[in-house]
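Here are the chains, one letter per residue:
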Amino acid sequence: MLKTKIESILFVSNKPTSAKQLARFLAREGEAVETSEVEKIIAELKEKYNIGESGLRIIQAGDEIQMVTGPESSELIKKFLKEDMTGELTPASLETLTVIAYRGPISKPALEQIRGVNCGMIIRNLLIRGLIDFVETNGQSYFQVTVDFLKYLGINSVDELPDYERLHKAENLEQFLEKAEQNKIINL
Amino acid sequence: MLKTKIESILFVSNKPTSAKQLARFLAREGEAVETSEVEKIIAELKEKYNIGESGLRIIQAGDEIQMVTGPESSELIKKFLKEDMTGELTPASLETLTVIAYRGPISKPALEQIRGVNCGMIIRNLLIRGLIDFVETNGQSYFQVTVDFLKYLGINSVDELPDYERLHKAENLEQFLEKAEQNKIINL
Amino acid sequence: MYQVSSEKFNGPLDLLLRLIEEQKMAITEISIANVTDEYLQELEKIQDQDPEELSDFLVLAARLLYLKSKALLPYLEQEEEVDDLEKQLKLYKEFVEASKKIASMIKERRFTFSREKAMQQIAVEFSPAKNITADNLKNAFIVVLRRLDPLVKMPQQMIEKTVSLQKKIMEIKEFLKKQGKFGFRGLIESSKNRTEVIVNFLALLELIKQAHLRAKQVDAFNDIIIEKV
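Protein chains in written order, with our numbering: chain H, 1 to 188; chain V, 1 to 188; chain U, 1 to 229.
Treat each hint with caution, since some may be false.
Capping the alpha-carbon separation at 16 angstroms, the derived lysine to aspartate or glutamate pairs in EDC-like fashion look like this [what the hints assert, rightly or not]:
no., chain 1, residue 1, chain 2, residue 2
1, U, K100, V, E88
2, U, K101, V, E160
3, V, K20, H, E83
4, U, K168, U, E22
5, H, K82, V, D159
6, V, K78, H, E29
7, U, K100, V, D163
Over the 12 angstroms line for every Cβ pair with chain H, so calculated as not near, a few chain U residues [to be verified]:
no., residue
8, S31
9, R115
10, G183
Just so you know, these hints were derived from the structure itself, not from any lab.
Beta carbons are placed, not taken as given, at the ideal position from N, Cα and C, and that holds for glycine.
Please build the complete structure, drawing on both the sequences and the hints.
What follows is the structure in structure tokens.
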């Protein structure tokens, strides 16, 4: 169904798109369709979302269309999106931040091997909170703590963290990473 | 309208959330509401999105809920987002994942009783890939599949798995596990 | 991460199930007992296995031999506890079949997607938290390091030579040549770990089966005396 497909695309798309762009994308993917047909479907979707009780809208400015939340929720949404940025760090977030502080710059795969769980969401949250950032080398991102983080702790660099020398190069951690690398699990 | 607000939040949230989290957030924002009320609204929203022709879904794994695209659009959306899903699973990982999907939340000993083999490493790998997570009760970890697992299979919740009812409550399983516990004589 | 070198089987139940299916038999106590010899042959081939996993294979071997030797050692029959291997294997098979269905669902590639917040749409704003303190970080890191310990130690155990069943049988035969008889308890107590306990037990059952030795027990609580036939 073309309609459900367009609905899905509007949902995942973070930026405005147009009927023309959509028609072109669909054609490239083997779903040849006229722009006018896409326009008709968009009109139907607008009816579905914009009329009556709905938390979602399809808005249009000129040719640009986008799926967004309704205006009555906008204050709440702003606060919801900020939720992640305030308050205490969860134990899992604190642990992730710690590993990045003591072992950074570190790749996501290495970090996940050390913690033994997926860290995608937490990394994103720490990035948004400005506690970590990353450098890219050979297409791989390496995460490290930010200058703001250091300042907040009142130190000039990570090696001023308590017991840094000993913990940073802890023997079992080195052995563990060596094994992990031998097993070709991670690219360090 | 609480319902449109929850709908809006589910739309903007890029990570899974739960009825409890939503109720707590709404309460903080001056919209005192019971978790059970939020659960009722979520059930209504599921009906709105998951039934009939729709490009969007609301999926649930354990307590975690997320709004996602419908599986019919999979190929197209993948191209649109230029995203690639995770690689292959080994047969042993897939088998472990299957038991967790049907029987979760499940403890490691119970899982190993069913598979007849130590599952430590496989659990670790599945955790790192974000396909399972765990809840702790009385110091025991119980593993369950995540929303990411549902997204990988294109289903709305585990009870859509083939034969779910039967395998989830597989005949005699409870007694069988209990007996295995008592029969340590044989397992030494 | 430390992948088992022999990925041939997804564990002992998988091996057992395949052996029974090769014979085109239904899962019954009899068909299970019938593939015991084949199971032991396969077990001999499995080497360099993760010790935890190997001991799982051995535990099942012991259960199989127990099942098979019920006829040979009638007094075992009297023990009321029933080893429900048949039920366990049937249940395991259900999940194996379910996992095949899941595999084919994944092959259909009906993935669904959630919305991604575009990073550039969210203003990064330095937002620290009260629980970010140097001490908390240090303590959290120590917890992480401690959690790695068992993972680092495990592969070292792997280097330890696996006790082979065949070797053990030879050892017991040699020992009996010199001693004539010995106590079962002593044999179990001399074992260094769980794996060896099971191997010793297996070797013994195998020798009894092949009628190389005989087990005698005066009453239920006395040590079992093993004698050369």
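Tested hints:
Of the pairs offered as hints, the one joining K100 (chain U) and E88 (chain V) holds, with about 14 angstroms between alpha carbons and a cut-off of 16 angstroms not exceeded. With a C-alpha separation of about 12 angstroms, the suggested pairing of K101 (chain U) with E160 (chain V) holds against the 16 angstroms cut-off. In summary, the hint linking K20 (chain V) to E83 (chain H) is supported, as the alpha carbons are separated by about 15 angstroms, within the 16 angstroms threshold. For the hint linking K168 (chain U) to E22 (chain U), the alpha-carbon distance of about 29 angstroms lies beyond 16 angstroms, and the restraint is violated.
With a CA separation close to 34 angstroms, the supplied pair K82 (chain H) and D159 (chain V) exceeds the 16 angstroms bound. Note on K78 (chain V) and E29 (chain H): the hinted pairing holds, with a Cα-Cα distance of about 11 angstroms set against a maximum of 16 angstroms. Taking the CA atoms of K100 (chain U) and D163 (chain V), the gap is near 13 angstroms; set against the 16 angstroms cutoff, the hint holds. Distance check for S31 (chain U) against chain H: the nearest CB is about 38 angstroms away, which clears 12 angstroms, and the non-interface claim stands.
With a cut of 12 angstroms on Cβ distances, R115 (chain U) falls inside the contact zone with chain H, its closest approach being about 6 angstroms. A cut-off of 12 angstroms between C-beta atoms confirms that G183 (chain U) is not in contact with chain H; the least separation is 42 angstroms.
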